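**Student:** Given these sequences and hints, build the entire structure.
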Amino acid sequence: MMVVVDKGAAAGTDEGYFQLARAHRIAAAVVDPEIPVLTLEDLGVLRGVERRRGRIIVKLTPTYTGCPATQAIKLAVEAALTEAGMAKARVETVLSPAWTTDQITEQGRRKLVAFGIAPPARGARARSLFAEEAVTCPKCGSTATAKISEFGSTACKALWRCEACAEPFDYFKCL
Amino acid sequence: MSVAPAAPKSRRASKAQAIAQADASALFAYVVSLADDALVLGHRLSEWSGRAPMLEEDIALSNLGLDLIGQARLLYAYAGEVEGKGRGEDDLAYLRDEFAYANLLLVEQPNGDFAATMVRQLLYAAFMHLYWQALQTSADARLAEIAGKAVKEMAYHVRHAAEWVIRLGDGTDDSHARAAAALEELWTYTGELFEMEEGERALAQTGVAVDRATIRPAWDATVDRVLAEATLQRPAERWMQSGGRSGRHSEHLGHLLAEMQVLHRAHPGATW
Numbered sequence: 001m002m003v004v005v006d007k008g009a010a011a012g013t014d015e016g017y018f019q020l021a022r023a024h025r026i027a028a029a030v031v032d033p034e035i036p037v038l039t040l041e042d043l044g045v046l047r048g049v050e051r052r053r054g055r056i057i058v059k060l061t062p063t064y065t066g067c068p069a070t071q072a073i074k075l076a077v078e079a080a081l082t083e084a085g086m087a088k089a090r091v092e093t094v095l096s097p098a099w100t101t102d103q104i105t106e107q108g109r110r111k112l113v114a115f116g117i118a119p120p121a122r123g124a125r126a127r128s129l130f131a132e133e134a135v136t137c138p139k140c141g142s143t144a145t146a147k148i149s150e151f152g153s154t155a156c157k158a159l160w161r162c163e164a165c166a167e168p169f170d171y172f173k174c175l
Numbered sequence: 001m002s003v004a005p006a007a008p009k010s011r012r013a014s015k016a017q018a019i020a021q022a023d024a025s026a027l028f029a030y031v032v033s034l035a036d037d038a039l040v041l042g043h044r045l046s047e048w049s050g051r052a053p054m055l056e057e058d059i060a061l062s063n064l065g066l067d068l069i070g071q072a073r074l075l076y077a078y079a080g081e082v083e084g085k086g087r088g089e090d091d092l093a094y095l096r097d098e099f100a101y102a103n104l105l106l107v108e109q110p111n112g113d114f115a116a117t118m119v120r121q122l123l124y125a126a127f128m129h130l131y132w133q134a135l136q137t138s139a140d141a142r143l144a145e146i147a148g149k150a151v152k153e154m155a156y157h158v159r160h161a162a163e164w165v166i167r168l169g170d171g172t173d174d175s176h177a178r179a180a181a182a183l184e185e186l187w188t189y190t191g192e193l194f195e196m197e198e199g200e201r202a203l204a205q206t207g208v209a210v211d212r213a214t215i216r217p218a219w220d221a222t223v224d225r226v227l228a229e230a231t232l233q234r235p236a237e238r239w240m241q242s243g244g245r246s247g248r249h250s251e252h253l254g255h256l257l258a259e260m261q262v263l264h265r266a267h268p269g270a271t272w
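From first to last, the protein sequence lines are chains V and D. If you use our numbering, the first sequence corresponds to residues 1 to 175, in order. If you use our numbering, the second sequence corresponds to residues 1 to 272, in order.
Derived from the structure by calculation, the hints contain no laboratory data. It should be emphasised that the depicted structure is a prediction, and the values quoted were computed from it without experimental measurement. Note that CB positions come from ideal geometry on N, CA and C, so glycine has one too. One or more of the hints may lead you astray.
Unchecked claim - Listed next, the stretches of chain D that the computed footprint assigns to chain V, with coverage defined by at least 3 CB atoms under 8 Å from CB atoms of chain V:
(1) 67 to 77
(2) 155 to 161
(3) 256 to 263
As the list claims (entries may be wrong) - With the C-beta cut set under 8 Å, the calculated list includes, among others, these residues of chain V facing chain D:
(4) Val37
(5) Ser149
(6) Glu150
**Tutor:** Shown next, in the form of structure tokens:
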């Protein structure tokens, strides 16, 4: 993953580099308001931090086009950077390449399981239109699971049920 | 501050300028028509919030509506930039009247019963999934980017609608009859999916838009496959309704816009 890119006047100076690295660290640690165990880094939506004309620009990519959390995340990043003394920092939206659930990090996937959410199947692109998915229960690890609804509490989640332990659970659906 | 435009350097330059302007206005109209489709259907789906037949579907339809409104926002924002008159998403969504809306007649049709909503959803989503897929290689980089996002969402719109049309068609006598009636009623609006206005045709020739006729075989295949599994008869070929793209709408759009736009128009420029 691209960490920092500096296109500003301070490029090459230690001070500029450290400020960008710090801004990156702060933005990466902001959590998703709807799945508060995941940071933006875990989610894979942070596409880089730049400086342009003395202003820090954080590039984020949206998960779902209509996800209401996108706006909340943008505000949270700007607030976190303001609190760290970078009041002019701004968030920019990057659409391409489109986000896929394959960009959720390994750490992010582990956190999801611990939180009781089944992580998305890998290989989002390979899924054919009407193919069935195999999902593992995040509570007992059984693969005897069934879909209740492709739509759950948020845009990114589906509702599943475990046939082994009888618990319903959220599945982070594959996009 | 107003600045008079510089006099054209030569006849060739002014002609090039005129072509660029015509291209921009065709592009604007095209992007707005895609946005109008998504917004109007998104609004229709939002009308199910709090009144769907079961909780899961209430959530599902609101989710689908959100996707469509999200896609509409990306498209309106781009259209506003292309137009270059300072109009943004809200201006285009809330401050245009019925005759300026260019959406397909299909998407403005009332929700009817749950079967009608699902059949309408299948006919539109099966088309748009293929359309966004093709538009990912658009010569217009921004449209290609938006298509890259929308195609993923439209894939599960098709799956969801297909599952329901199969369940309803191959369900009880009542659900079969309702799905069959909805299909008969809505089929007459499917011809418009494949129509292109002159501006869009020109954009398709330069690789910006997609030639809608090329979508036909795959759309037929998806729809036929689902209808067969649903034990529903594909309606016979017939005269097709048309006019949405040029602002000639059914009586339903005006009511939809009135409800969608009233708050914004009552409090112009309000923020919270």
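**Student:** Are V:Ser149 and chain D close enough, Cβ to Cβ, to be under 8 Å, as the hint says?
**Tutor:** Since chain D brings a Cβ to about 4 Å from V:Ser149, closer than 8 Å, the hint holds.
**Student:** Should the hint that V:Glu150 touches chain D count as held when the rule is a Cβ pair under 8 Å?
**Tutor:** holds, 6 Å
**Student:** Count residues of the stretch 67 to 77 of chain D with a Cβ under 8 Å from any Cβ of chain V, then say if the count reaches three.
**Tutor:** This one holds; 7 residues, not fewer than the three required, reach chain V with a Cβ under 8 Å.
**Student:** Are there at least three residues in the stretch 155 to 161 of chain D whose beta carbon sits under 8 Å from a beta carbon of chain V?
**Tutor:** holds (count 5)
**Student:** Against chain D, with CB atoms and a cut of 8 Å, does the hint on V:Val37 hold up?
**Tutor:** violated, 22 Å
**Student:** Is the coverage entry for the stretch 256 to 263 of chain D by chain V consistent with the three-residue Cβ rule at 8 Å?
**Tutor:** violated (count 0)
Checked against the numbered hints above, the structure violates hints 3, 4; every other hint is satisfied.
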